[in-house]
Each structure stands twice: as structure tokens, then as C-alpha cells.
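Visitor: So you can see what is in the structure, the chains are spelled out below.
Number of protein chains: 2
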Amino acid sequence: MHSPVKIALLGLGTVGRGVYRILTDNAENIAHKVGAPLIIARILVRDPHKDRGLEVDRSLLTGDFSAILEDPDIAIIVEVMGGIHPALDYALAALERGKSLVTANKDMIALHGRELFAAAEASGADLLFEGSVAGGIPIIRPLKQCLAANRIQEIMGIINGTTNFMLTRMTLEGADFHQVLQEAQARGYAEADPSADIEGLDAARKLAILASIAFNSRITINDVYVEGISRITARDIAYAGELNYVIKLLGIARETPEGIEVRVHPTMVPKSHPLAAVNDVFNAIFVRGDAVGETMFYGRGAGEMPTGSAVAADVMDAARNILHKVPGIVGCTCYEQKPVKPMGRLESMYYLRLQVADRPGVLASIAYAFGDKEVSLASVLQKHTDGEKAEIVLVTHRVREQNLQDALRLVERLSAVNEISNCIRVEGN
Amino acid sequence: MHSPVKIALLGLGTVGRGVYRILTDNAENIAHKVGAPLIIARILVRDPHKDRGLEVDRSLLTGDFSAILEDPDIAIIVEVMGGIHPALDYALAALERGKSLVTANKDMIALHGRELFAAAEASGADLLFEGSVAGGIPIIRPLKQCLAANRIQEIMGIINGTTNFMLTRMTLEGADFHQVLQEAQARGYAEADPSADIEGLDAARKLAILASIAFNSRITINDVYVEGISRITARDIAYAGELNYVIKLLGIARETPEGIEVRVHPTMVPKSHPLAAVNDVFNAIFVRGDAVGETMFYGRGAGEMPTGSAVAADVMDAARNILHKVPGIVGCTCYEQKPVKPMGRLESMYYLRLQVADRPGVLASIAYAFGDKEVSLASVLQKHTDGEKAEIVLVTHRVREQNLQDALRLVERLSAVNEISNCIRVEGN
Chain A
1 MHSPVKIALL GLGTVGRGVY RILTDNAENI AHKVGAPLII ARILVRDPHK
51 DRGLEVDRSL LTGDFSAILE DPDIAIIVEV MGGIHPALDY ALAALERGKS
101 LVTANKDMIA LHGRELFAAA EASGADLLFE GSVAGGIPII RPLKQCLAAN
151 RIQEIMGIIN GTTNFMLTRM TLEGADFHQV LQEAQARGYA EADPSADIEG
201 LDAARKLAIL ASIAFNSRIT INDVYVEGIS RITARDIAYA GELNYVIKLL
251 GIARETPEGI EVRVHPTMVP KSHPLAAVND VFNAIFVRGD AVGETMFYGR
301 GAGEMPTGSA VAADVMDAAR NILHKVPGIV GCTCYEQKPV KPMGRLESMY
351 YLRLQVADRP GVLASIAYAF GDKEVSLASV LQKHTDGEKA EIVLVTHRVR
401 EQNLQDALRL VERLSAVNEI SNCIRVEGN
Chain B
1 MHSPVKIALL GLGTVGRGVY RILTDNAENI AHKVGAPLII ARILVRDPHK
51 DRGLEVDRSL LTGDFSAILE DPDIAIIVEV MGGIHPALDY ALAALERGKS
101 LVTANKDMIA LHGRELFAAA EASGADLLFE GSVAGGIPII RPLKQCLAAN
151 RIQEIMGIIN GTTNFMLTRM TLEGADFHQV LQEAQARGYA EADPSADIEG
201 LDAARKLAIL ASIAFNSRIT INDVYVEGIS RITARDIAYA GELNYVIKLL
251 GIARETPEGI EVRVHPTMVP KSHPLAAVND VFNAIFVRGD AVGETMFYGR
301 GAGEMPTGSA VAADVMDAAR NILHKVPGIV GCTCYEQKPV KPMGRLESMY
351 YLRLQVADRP GVLASIAYAF GDKEVSLASV LQKHTDGEKA EIVLVTHRVR
401 EQNLQDALRL VERLSAVNEI SNCIRVEGN
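From first to last, the protein sequence lines stand for chains A and B.
Residue numbers for the first sequence, in full-length UniProt numbering: 1 to 429.
Residue numbers for the second sequence, in full-length UniProt numbering: 1 to 429.
Derived from the structure by calculation, the hints contain no laboratory data.
Watch out, some of these pointers could steer you wrong.
Since copy identity is lost for identical chains, a pair holds within one copy or between any two.
[What the hints assert, rightly or not] Simulated crosslink set (DSS-like; lysine-lysine; CA at most 27 Å straight-line):
| # | residue 1 | residue 2 |
| --- | --- | --- |
| 1 | K271 | K373 |
| 2 | K325 | K338 |
| 3 | K325 | K389 |
| 4 | K144 | K341 |
| 5 | K338 | K271 |
| 6 | K325 | K373 |
| 7 | K144 | K389 |
| 8 | K341 | K325 |
| 9 | K325 | K6 |
| 10 | K144 | K325 |
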């Protein structure tokens, strides 16, 4: 056994409590596996007097980051405060001092990964962030190490638990969006302002991180095309079911000859696809590599203990690397610069739902408009005819996004078309 | 970039070809990630003149292991010949010389893990074996590192592709065992002598490896209770479906206060369980940890490229560790000695199918026999009555295996009972 490795936690919120509990409760096993005890020596909190629902030695609590930074015995900083400020300043300061940094902060990694990695590399420290994507599901290290011999071709992930819970409820209960949003808020799965989740921004940050690792090229949040789930209706869900699909909010990243596709949007996936059965708050990440073929990683995407599990494992690796004097042994893997493919050049199938006048010739005029832009239709269903109005559901063959959008501009100008109610990409066939 | 790391392959069969292809085709990316080119310097084969369906530099081929062993430039030995002899001798010799060993040989690790790890530890070499369990699915490193902060509570795995293919065909087509065995053989999924797969021995070896890592205590193949799928009939599959279950050959390992449960047998799992949707030759391993909760790892369990992917990733890690002078940084994790729980003390639900005389009082006498051994019944279905004979399907509540076996001895002695046709454990509720 080596002498203890000392750690400081920045933050004692949900994830911080999880990390504290795991490092305390499983201390003996953790020490065996690392080869040294891990000691939480300091915990940075804003208010040392607040009740945290946790038995914690109050003498560890401090409001002073510089005391942590200046303590040469503290080798690992665990940033679990979230947000960008002051988390980023603290993280950079820690790395510049050569302290290894473990974080679950997806916003910080997605926005400032480049400068954080530069700081880590300069001082030879570890920068580990398994907890930043998909909570307890091991995915960063599998991509960086276990699947490292592959050229990764595709990632498709359910990486936001809130929206997956909502879409699952809508699918199983036929409920509508606002109803399930209230249920998600009542259960604590959605925040009071749920927009980061339901508009897909949370998923986009995680996808930027995953895509950067998978394709060895820095992808930032601004590269990601994002569409949320707020336009998905009970009717879309029902039609998807009739067509043998389920609707999921997916993060999709793919390497193509025209660049990297990187996008978050509601997606119809076949019921037989492994992602289709991933329900409620569970997350799953489907990865296709040139050698390994199809793999999937499934588990809880958030929460005190699952995310704490990922952070604690990173702390163990950082400690082991320090004991063996090799922090930074697996560093940044963005050694290439690949272009991002413009959305218009995407090729996909599309589901479309239109409100039209119920009169002869309407379908022909719509089909003509699609044909004009070289969008060919795989299926057309006429629904809910009441003699005056009708609803039409179309599924296209594989076409260019730009052609589809051009066709939609033509279609919406047709006098018989009252509304293009929804357009959802279809993947995984 | 460091100077190249030299590797020798022992064997150029299915997995060896995969490793060769991956290290050759993805050489540039692999060099970037490791920090040095990886060079295959020698390949040990029995017959250097055999055609291998592979473009390979014939000057690399050799029949002489000692030339590899004595070559100080060869730092990593990749054992992909399979079997115990001479693989074990070669592996031990390589480790004793301080060469890192990567292997996909589940038989060798399951039977001789202890001595191999002792040799690795003595010389400070790496012993890596991700490819030995579930082909391309990352599971060894996730258990050893990503989930290392957890106390693992349970592993349930579909870890044999042949039997999963067969059970999937039986479920989807209503086919019987011998029919699907022929299909599996025709497709090359089952060997001419399929007994290691269908009798559960292949799965048992993999489970011994997984359980050893999960519970930090050496589990050998002899500790594993094994039952294969040859007694599963189309009728059992159909009744399972009626009861909302599917039948899978599972490897199950669980830590309990009475010791470690470790067993391979056909198992009924609820259709809603994540493992129920894992079909054909796919493998999946469901892991429950005290912190992370439920996770699952899914992918192809065998084959040239999937297993090659796992082996090549291990080679990359071994090379990185050599460059940083830390081979063996993550060593053997069996630092405890835990007892294995005897099968009689298992608690489970059971599905039973009996052939009985179709006359009044039979069910009562059977129920009485079960009650006498404290086995309570959750459901009883009478099937296929023809006036003379009837088939009865029972599902028990959770009971001790010993009580169930004692009850079955009573039941089979009843004059009205012609046969106990099957007994299948029910898990995952």
C-alpha cells in the first residue's frame, strides 16, 4: 500500500454527495484496487453551515478555493459544482498547478475542452470526465481505450433522461407533451425551466463530447444541429407506432466522406432497433465501429449515485496514475481536424404530417412538388378525413435534406395545404 | 512519437487474422493514439505455407516460438492460438521474460488465471484478456476500471452466441432444438461437435472470468454450476411466451451474504428485461452495482473482427504502458477469498412442466407434495388434456433450490405423475 492520495471536492450538491458517499462507503475496496487509500481532504462549498442531508465532517468544508489550490498535498481536484463560472477558472488553475482534474461538467467540457486539455497537457496532469456524459454508463473510457483500435463510424445515443422519460410516457400512455412535462417536473426529472432538456441543448453538449472522442477531431456545441421535442404530438407518436417505429430524441454523429454529421433531433427508429427498447430515464449509446460492429452501452444517465460512480472511478484512475507517476497517460485524442458536414447535405428518410383540403387532386399536387425536388415517397397514408379536411402522413425514401426542405417550401405554398404539422427524420433502418 | 513497439502474434486463425487486419488497416490512427507505431514483427504458425486468405508478409511467419521469446525487441506477445497446450506454456514463458501478454483465450484464463497473474506480477508485465469474454464488447476494462468504485452486486449475461442464436430461432419460429442446431451448424455458428456451446461450458468459462473480476475473488470453472439448453423444447418456449417470458441461456453471478452464486443455465426472463431483446448471435452483459445501478453492455460476442477489436485495444494499452514504463499498472484484482454458495441454497422462482394422468385429485396431490417441502405455487396451468393424459405448467414463488429439488423427488414418486419434463429457473423480476 502506498500512502494516501488526497482529494478535494469542489461542490457538494447531488453529484458531490454521491462521490462523497461512494469514496467513503467503499473506501476499503477502492484502496485495494488503487493501491492506496483515497482521502477527501477538503470540500469547497458556498455555505459551510447549510444542512446537506449527509453525515460529513464539517472541518473539511471550506469556502476558500485558494487554500485548496495552495495545498501541495491535494493531488486531485474533483469539480462537481457545475456551470461555467467559477468552475472553469478553478479547473484551469488546478490543471496549471499540475493537479489532476476529474469533472462531471458537460457544459464546461463541451465549451472549453480545448483550453482544459491544453492546460492538462502543459502540466502533465490527468483530465478525466466520464461523468459528464450519460451518468454512470461507461462510455468515455470505452471509446478512448476499449474501442480505440476501431475507426468509429457512427454514434446514436439516447443521452437525455428527461426527454426519454417524456417520450416513453407519451408512447405508452398516449399522453400529450404538456401532460408528460408536468409529470416529469412533479417527479423531479425535469427542471422548473426545462428548456435545456426539451430543446435538446443538454444532449447537444454531450454529443459534442462523444463525437470529439469518436472521430478524433474537436466538435464544439456550435457544430451540433439541434432540434428539441416540443413539437412532437401524441398523434405523431401514434402514427410512428402504426409504421412500426418509436420516436426518440437521439444524438447522432457519423463520419462520412463529406465530413462529420453531428445532430440532435427527434428521430423515428424501428421498434426492432436496440435503442427502441430503452425507456424512461435510462440512457443508451449505440456505437458502430469498423471492426467491432454494433455495440451498445445502457444504464442510468443521471443521478447522485450513478454519476458519482463514474466520477469516483475517474478519481481512482487519476490516483493510480499519480502513484505510478504517469498522469496524463491517456490524454486528448483530438489529433485531427475534420470538417462538419452541413445539414443540407444530410441524407435521411423523413416522416411528414400535413393538413390538407380533402378534395380530389391534392395528393397528386403534393406528390408532384416532392417529385420536382427529387424527393421520392416510400409511403402515403391518408388519415382523419372529415369531408373537408384531411391529414396526410408521408414517409420519404432516403433523400438529401436540402431537397426535402426545398420540396417542403413548394408544398407549403400549395393552396390545398393548410399546414406542415411535423417533419421527423427516420434512422436506424 | 516514440520508436515502434514490436509485437508477435501466436496463431493466425480467425482472431489472429482480425488482429492482423486491424493493426494493419488502422495503423496510422493506432500510432496516434498510442504515441508510437505498433509493428507486427513475427507471427507463429504451425504451417508457414498454408493459404490463410490474407495478404501477409510471409517473412514474418515462423514455426519457432523460441525465436520470438528470445527476441528482446518483441515487447508484446498476442496469444490467439486458443486451447491450453501449448498456449499456456508460451504465455507463461512470455510473462516470465517480462513480455506483456494479450490473449483472447477464455479456457486458459478461466483454468489458469491464477498462475498467469502470478507470473505477470512477478515480472511486472501486463496480462490483458478483454477478447476472452463476449468478443468485441468492452466488459473486462469497464469492470476493472469504469465501475471500479462500485460493489458489484450482480452480473447476468448472454455470453454464448451459438445458444442465443438457437433460442432466438426457437422463439421466433417455434422450431425445435434439433432443427435450429442444424441451422446453426449450417451457418457456421455451431461447431460439428457443439457440446461446449450447448451444454453451457463455453459460457461457464466466461462467467468464471467475469465473476472473478466483479467480486475480487478467484472463481474457477469448477465453481460454476452448469446446465445447457439441450432439454429446452418448443413447448417450453411457447409456454414461456404465454407467461410473458423468454428463455435465454444466462450466466448469472451474484454476491450474497451466503457466498457468491455462480451458475449457467437456461433462464426465463421477463419480456420487459433488457436482456430479453438481445437476439441472434449478439451477446449482452447486464451488471448491477451499488452506485451505478443497472447497466448493460451489448454487441457481437465473437468473430474475426469483433474479437480482433478487443485484442487490438489491449495491445494498444499494453504498448502505452510499456512506453510509459508502467506495465501491470492495473493488475489482478482478486484480493479477497469469498466462498461460493452451494446451489441448494439458491433462492429462485421455478417453471415446471409435468406430464400427469388426467383424473380428479392429481393436482391436489401434486400441490400437497410441494406444500410439504414449503414450495408455494404462484400459478398452475393445465394444458393439452386429452381425457387420459394432461400437461401441467407450474410457476413457483421464490423458494430455496433444495426445497424445490426435494419436492420434485416427492412429485416424481406420485403414481399420477408420468414425467417431470422440465424445470427452468425464472429470474429478473
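Visitor: Each of the hints needs a verdict: does it hold here or not?
Guide: Evaluated hints:
1. K271 - K373: neither (30 Å within a copy, 44 Å between copies)
2. K325 - K338: neither (33 Å within a copy, 33 Å between copies)
3. K325 - K389: neither (72 Å within a copy, 74 Å between copies)
4. K144 - K341: within (23 Å within a copy, 37 Å between copies)
5. K338 - K271: Classified as neither; 33 Å inside a copy, 43 Å across copies.
6. K325 - K373: neither (61 Å within a copy, 60 Å between copies)
7. K144 - K389: Result: close neither inside a copy nor across copies, 54 Å intra and 61 Å inter.
8. K341 - K325: Classified as neither: same-chain Cα gap 41 Å, cross-chain 41 Å, threshold 27 Å.
9. K325 - K6: both (15 Å within a copy, 24 Å between copies)
10. K144 - K325: Intra 20 Å, inter 20 Å, cutoff 27 Å: intra and inter.
Of the numbered hints given earlier, the model fails hints 1, 2, 3, 5, 6, 7 and 8; all others are met.
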